[in-house]
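Asker: Just so you know, full-length UniProt numbering puts 54 at position 54 of the sequence shown, and the rest follows in order with no gaps.
Hints listed in this document are in silico derivations from the structure and should not be mistaken for laboratory results. Hints may contain errors.
Stated by the list, open to error - Distance windows between CB atoms, simulated:
id, residue 1, residue 2, range
1, Ser64, Asn5, 25 to 33 Å
2, Leu79, Ala35, 25 to 33 Å
3, Gly29, Gln68, 36 to 44 Å
4, Arg13, Glu67, 17 to 25 Å
5, Arg52, Arg13, 18 to 26 Å
6, Glu23, Leu71, 32 to 40 Å
7, Glu67, Ala12, 37 to 45 Å
8, Thr57, Ala10, 49 to 57 Å
9, Arg13, Gln68, 34 to 42 Å
10, Glu81, Arg56, 42 to 50 Å
11, Glu42, Asp62, 20 to 28 Å
Beta carbons: idealized from backbone N, C-alpha and C, even for Gly.
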Amino acid sequence: MSDANIRIPAEARDRLARIASSEGMSLRGYLSHLAETLLTAEERTARAEQARAALRTWNGYDPSASEQAELDAELDRRLTEAGVR
């Protein structure tokens with residue numbers, strides 16, 4: 001596998017290096033792990049649709065777009081309230 005250089009601010013590099021070290025990994029290994037495990041927007045959308053389809057099949061759960069928007073807003077509100085966002 002060939003390597004590539006990526007230019008990022010030194011602060012970001014140092015933070016990623018600390019995170020990698022706390023996980024017992026090198027920065028190179030940590031970034032490779034992230035690249036292998038993080039999902040693209042398209043992959044997240046596909047997985048969400050698969051989950052919705054499984055729920056529809058399993059128990060009939062099938063919220064409308066407006067119901068889904070309300071549920072998303074409620075989740076956002078709760079996350080904000082909990083200090084997560």
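Asker: Evaluate each hint against the coordinates.
Answerer: Hints, verified against the model:
1. Ser64 x Asn5: 25 to 33 Å: Since the Cβ atoms of Ser64 and Asn5 sit about 48 Å apart, the hinted range of 25 to 33 Å is violated.
2. Leu79 x Ala35: 25 to 33 Å: holds (27 Å)
3. Gly29 x Gln68: 36 to 44 Å: Given range 36 to 44 Å: holds, Cβ gap about 38 Å.
4. Arg13 x Glu67: 17 to 25 Å: violated (44 Å)
5. Arg52 x Arg13: 18 to 26 Å: violated (39 Å)
6. Glu23 x Leu71: 32 to 40 Å: Given about 33 Å between the Cβ atoms, the range holds.
7. Glu67 x Ala12: 37 to 45 Å: For Glu67 and Ala12 the Cβ distance comes to about 39 Å; the hint holds.
8. Thr57 x Ala10: 49 to 57 Å: Because 50 Å falls inside the window, the suggested range holds.
9. Arg13 x Gln68: 34 to 42 Å: Distance hint for Arg13, Gln68 holds at roughly 39 Å.
10. Glu81 x Arg56: 42 to 50 Å: violated (30 Å)
11. Glu42 x Asp62: 20 to 28 Å: holds (22 Å)
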